[in-house]
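**Q** Please work from the sequences and hints to get the whole structure.
For the protein sequence lines, the chains are A and B, in the order given.
Just so you know, we're using our numbering here: the first sequence kicks off at 1 and counts up by one.
Just so you know, we're using our numbering here: the second sequence kicks off at 1001 and counts up by one.
Check the hints yourself; a few may be wrong.
As the list claims (entries may be wrong) - Okay, derived cross-link-like pairs now, DSS-like style, lysine-lysine, Cα gap no bigger than 27 Å in a straight line: (1) A:20 with B:1018; (2) B:1330 with A:3; (3) B:1054 with A:75; (4) B:1054 with A:62; (5) B:1333 with A:3; (6) A:3 with A:20; (7) B:1075 with A:62; (8) A:62 with A:80; (9) A:62 with A:4; (10) B:1285 with B:1333; (11) A:80 with A:12; (12) A:16 with A:75; (13) A:3 with B:1054; (14) B:1075 with B:1054; (15) A:62 with A:20; (16) B:1075 with A:4; (17) A:3 with A:80; (18) B:1075 with A:75; (19) A:75 with A:4; (20) A:12 with A:75; (21) B:1330 with A:62; (22) A:20 with A:75; (23) B:1369 with B:1566; (24) A:16 with A:3; (25) B:1054 with A:16; (26) A:16 with A:62; (27) B:1330 with A:4; (28) A:12 with A:62; (29) A:16 with A:80; (30) A:75 with A:3; (31) B:1018 with B:1054; (32) A:20 with A:80; (33) A:62 with A:75; (34) B:1003 with B:1075; (35) A:16 with A:4; (36) A:4 with B:1333; (37) B:1285 with B:1330; (38) A:20 with A:4; (39) A:80 with B:1054; (40) A:80 with A:4.
None of these hints come from the bench; they were simulated from the model.
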Amino acid sequence: MFKKILYVVSEKQEEKQMVKELARAHSSDVLLSAMLAIGCGHEVSHEGATRRRVLREDRERKCWQDLYRLEEEFKADGIKASVMAREGDVDDIQAVAHNTGSDLIILSSSSLAGDNYRLPDEFIPSLPCPIIITNAA
Amino acid sequence: MVKLSQFVQPELAFDVPKASSQREVFEMVAARLAANGVITDPAALAEELLRREKQGSTGVGQGMALPHAILADAKQIAVAVVRLGTALDWDAIDHEPVRLLVVIVAPSDQRADYLPVLAEVARSLNQPDVRDAAFRARDVAHAVRAIIHPPHESFFMRNRRLVVFIGVVAAIFVAAGLVLPQIRLPAEGMYAGEEFVRLGEPRWLFHQQLTITLFLAMVVGTLLFWRYRVAIAAASLGALLIAGVMDLETTVRFMSIPTILFIMSMMVIVRWLENIGVFRYVVAKAIERVRGVPWLLLLTLMAFSVLLGGFADEVSAILVTFGLALEVAKRTKTPLVPYLLSLVFATNVGSALTLVGNPIGVYIAFAGKLSFEDFLRWASPTAAVTAVVVAGICLLVYRRYFFGRRVEFDARDLERAEENVDPARLRIGIITFLVVVFLVAVHRRVELLLNLGEGTALVAEALLVVGFIVFYEQEKGRLLVERGIDWWTLLFFMFLFANAACLEYTGVTTKIGYVILTAARQLAGAGASPAGVTSVATVLVLWFSGISSGFVDNLPIVAALVPVVKDMIRTGLPHATILWWALLFGGCFGGNLTVIGSTANLVAIGAYERVSGKSIRFRDWIRFGAIITGAALLAATASLLLQLGRAP
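**A** Encoded structure:
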């Protein structure tokens, strides 16, 4: 039923387990993704420009490492997985889902921390596929 | 931090002019790694890379793939860079064929170091400038250099917009100091009054220099830092107050509160109608009737863009029609761009149709004391004719998508438009919309009947309808007012109007008006009649506002030119009220010139980017936008010059 699952990765172990089980049950491909503006912490505004750049690059490195570590884990469990990271916010998930032809989106509510745990207006109606929002708590 | 230069060796980078499969590419990579002593069993590596591709594509999108494997016989971590002469299907996440491969191989005992290398390669290539440099590099060695040493921007490059801004503002200040004293008004006719004579005094000259510098700084600032437009406009106004150019009372008067109240009321009304689904319902119903004929579908959507642009507002118009165009394009398998551009062009032209279509129309109406009926007489026919011209050009340019084929288009596809609508609310919504149009249309007659000041009924009627809506919606009414009104934009308008009116207050616009009139007289020739001068001034105002509105927000341009037009009318030029319409058409039609020309363009581009993940480049837009704007301004020029003799 869900040929391709777009999973916006989070730290939660139970969530990863759920995605794996869902992927196994539906023989799905999993697209492990990170939106660099939402998935990797927030800007440190009081730092200088160079320092901010260095911190941002470090966060991006960590993001990519997490993604590839997870890819190894999924592949080791026999689940087809690919990775991707984009600069963007929760709003941009719609375009990613559309461009990648995803059938299901899994998003942790912790990814919405920057938006005060609120989805932007018109987010849900404009999605091309269903979404599961998991509780970060 | 991992340094890629330790792992990327020049001898492991190569071009593959032609390859027909992943296997072929992997075999070449494995052979190269074996030749350089990184591995001993090339066949095993090729098989491992292929096996991992089957477990999930390593195509990360944008034409790149990062195949990676851990191999027992690898001697060290190695990174190979391969450019493909022929792009290869890789089942990448964005379905784009791959042109650049970066292959990472690591021995089993260096698993801990392998992930950071892989992450660093991915991070580096995720940067658009690195990716572009790698693709554009003249040879593979330069591509490798771009990946290893990503270009870092200098302080000036990082802050180039701020540097440009400061430079431009300083240049404007100096230029204004040099030019303004040179513009001397003749001490005769209208300019003989004391209020004009004092404009040449040093104090007033300094105020003029400061005012025009701050106003143009605001225009340039909003162009460069759009997100901070309110801050820039507020700072500019604050500077004028501190410098003693205006007092507080005058500043508040210049904010044009009646205009703001009317725009605010219309925002509530339009948002309410949008929420109910009135616009979408009406347009969807019309589309259902013309299914199967692509060009009629486009024309119908364009017609509604014009009408909604004229009677609601340009943003609502584009959101409704482009929203439906997305569905139509998907189901008729037509590219989105023809719909996007055609509908935006139609919306901008349509926004000149009536008084309520565009904030510049509202501002001109209040400044020129023009009624809705004046708009119906002077703006609507020209806007309608121009819309026909624009529709014709769009159909001609995009004829291959809309002619010579019938499409399968099922009306049921759009049924969602009806399912989501509550029939009772829809009825109320449609009736309210018709009442608003009627009340706005007869506002001048109401003012005459009740002996009210000009514009009073226009504001009062809009406020009455807002009152009804808030009562009708009960608890939701408060939310509607809080969220339906774009307070940010309204604040910007208030600050902008005050800044622009200050140009009039200090006499800058009087001088600009005098320069335009002088230029018009010279262009018209020595023996030209006063009406001839008006004709030339009309063309100057129309084309100047049209072209400049394409590159900066049209409201500041119009707000600055409104006092100029007022002054030109005061000089006693015959038929000079035609200049109001020249200004309206210039401001509205000029919005089609570039991507940033109007709010409707930005809203439509935003929706297009969200849905497709692609964008339209500035130069691609301007290529077609220039034709449309040129045609629209020509149509407006012809219309205005033909009617010049009938203008008051």
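**Q** Does each hint hold? Answer for all of them.
**A** Cross-check of the supplied hints:
Note on residue 20 of chain A and residue 1018 of chain B: the hinted pairing is violated, with a Cα-Cα distance of about 38 Å set against a maximum of 27 Å. With a C-alpha separation of about 21 Å, the suggested pair residue 1330 of chain B and residue 3 of chain A falls inside the 27 Å cut-off, and the hint holds. Between residue 1054 of chain B and residue 75 of chain A, the direct Cα distance comes to roughly 10 Å. Compliance with the 27 Å bound is thereby established for this hinted pair. Taken as a hint, the residue 1054 of chain B and residue 62 of chain A pair is honoured in the structure, with Cα atoms around 26 Å apart against an allowance of 27 Å.
A threshold of 27 Å between alpha carbons decides the hint, and for residue 1333 of chain B with residue 3 of chain A the separation of about 23 Å falls inside it, so the pair holds. Proximity of residue 3 of chain A to residue 20 of chain A is assessed by CA-CA distance (about 13 Å); at most 27 Å being required, the pair is judged to hold. Taking the CA atoms of residue 1075 of chain B and residue 62 of chain A, the gap is about 26 Å. The hint holds against a cut of 27 Å. Straight-line distance between C-alpha atoms of residue 62 of chain A and residue 80 of chain A comes to about 22 Å, which keeps the hinted pair within the 27 Å bound.
The hinted pair formed by residue 62 of chain A and residue 4 of chain A meets the criterion: a straight-line CA distance of about 25 Å does not exceed 27 Å. Between residue 1285 of chain B and residue 1333 of chain B the CA atoms are separated by roughly 21 Å; this keeps the pair inside 27 Å, and the hint holds. A threshold of 27 Å between alpha carbons decides the hint, and for residue 80 of chain A with residue 12 of chain A the separation of about 20 Å falls inside it, so the pair holds. Our distance criterion of 27 Å between C-alpha atoms is met by residue 16 of chain A and residue 75 of chain A, whose separation comes to about 13 Å.
Restraint check for residue 3 of chain A and residue 1054 of chain B: the C-alpha separation of about 15 Å stays at or below 27 Å, so the hint holds. For the proposed pair residue 1075 of chain B and residue 1054 of chain B, the alpha carbon gap of about 25 Å is at most 27 Å, so the pair holds. Pair hint residue 62 of chain A plus residue 20 of chain A holds up; C-alpha atoms about 22 Å apart against a cutoff of 27 Å. Proximity of residue 1075 of chain B to residue 4 of chain A is assessed by CA-CA distance (about 36 Å); at most 27 Å being required, the pair is judged violated.
Restraint check for residue 3 of chain A and residue 80 of chain A: the C-alpha separation of about 11 Å stays at or below 27 Å, so the hint holds. Under the criterion of a C-alpha separation no larger than 27 Å, the hint pairing residue 1075 of chain B with residue 75 of chain A is consistent with the structure, at around 24 Å. Note on residue 75 of chain A and residue 4 of chain A: the hinted pairing holds, with a Cα-Cα distance of about 15 Å set against a maximum of 27 Å. Annotation: proposed proximity of residue 12 of chain A to residue 75 of chain A holds, straight-line Cα distance about 18 Å (limit 27 Å).
Proximity of residue 1330 of chain B to residue 62 of chain A is assessed by CA-CA distance (about 38 Å); at most 27 Å being required, the pair is judged violated. Using a Cα cut-off of 27 Å, the hinted pair residue 20 of chain A and residue 75 of chain A holds, with the two alpha carbons roughly 10 Å apart. Using a Cα cut-off of 27 Å, the hinted pair residue 1369 of chain B and residue 1566 of chain B holds, with the two alpha carbons roughly 11 Å apart. For a cut-off of 27 Å, the pair hint linking residue 16 of chain A to residue 3 of chain A stands: about 17 Å separates their Cα positions.
About 21 Å separates the Cα atoms of residue 1054 of chain B and residue 16 of chain A, which keeps this hinted pair within 27 Å; it holds. Restraint check for residue 16 of chain A and residue 62 of chain A: satisfied, since their Cα atoms lie roughly 18 Å apart, inside the 27 Å limit. Between the alpha carbons of residue 1330 of chain B and residue 4 of chain A the distance comes to roughly 21 Å, so the proposed pair stays at or under 27 Å and holds. Between residue 12 of chain A and residue 62 of chain A the CA atoms are separated by roughly 16 Å; this keeps the pair inside 27 Å, and the hint holds.
Among the hinted pairs, residue 16 of chain A with residue 80 of chain A is consistent with the structure: their alpha-carbon atoms are about 14 Å apart, no more than 27 Å. Proposed proximity of residue 75 of chain A and residue 3 of chain A is supported: the alpha carbons are some 16 Å apart, at most 27 Å. With a C-alpha separation of about 22 Å, the suggested pair residue 1018 of chain B and residue 1054 of chain B falls inside the 27 Å cut-off, and the hint holds. Restraint check: the Cα-Cα separation between residue 20 of chain A and residue 80 of chain A comes to about 10 Å, which is no more than 27 Å; the hinted pair holds.
With a CA separation close to 20 Å, the supplied pair residue 62 of chain A and residue 75 of chain A stays within the 27 Å bound. With a CA separation close to 19 Å, the supplied pair residue 1003 of chain B and residue 1075 of chain B stays within the 27 Å bound. A threshold of 27 Å between alpha carbons decides the hint, and for residue 16 of chain A with residue 4 of chain A the separation of about 15 Å falls inside it, so the pair holds. For the proposed pair residue 4 of chain A and residue 1333 of chain B, the alpha carbon gap of about 23 Å is at most 27 Å, so the pair holds.
Note on residue 1285 of chain B and residue 1330 of chain B: the hinted pairing holds, with a Cα-Cα distance of about 18 Å set against a maximum of 27 Å. For the proposed pair residue 20 of chain A and residue 4 of chain A, the alpha carbon gap of about 12 Å is at most 27 Å, so the pair holds. This hinted pair checks out: residue 80 of chain A and residue 1054 of chain B have alpha carbons roughly 8 Å apart, not beyond 27 Å. For the proposed pair residue 80 of chain A and residue 4 of chain A, the alpha carbon gap of about 10 Å is at most 27 Å, so the pair holds.
Going through the hint list in order, the structure does not satisfy hints 1, 16, 21.
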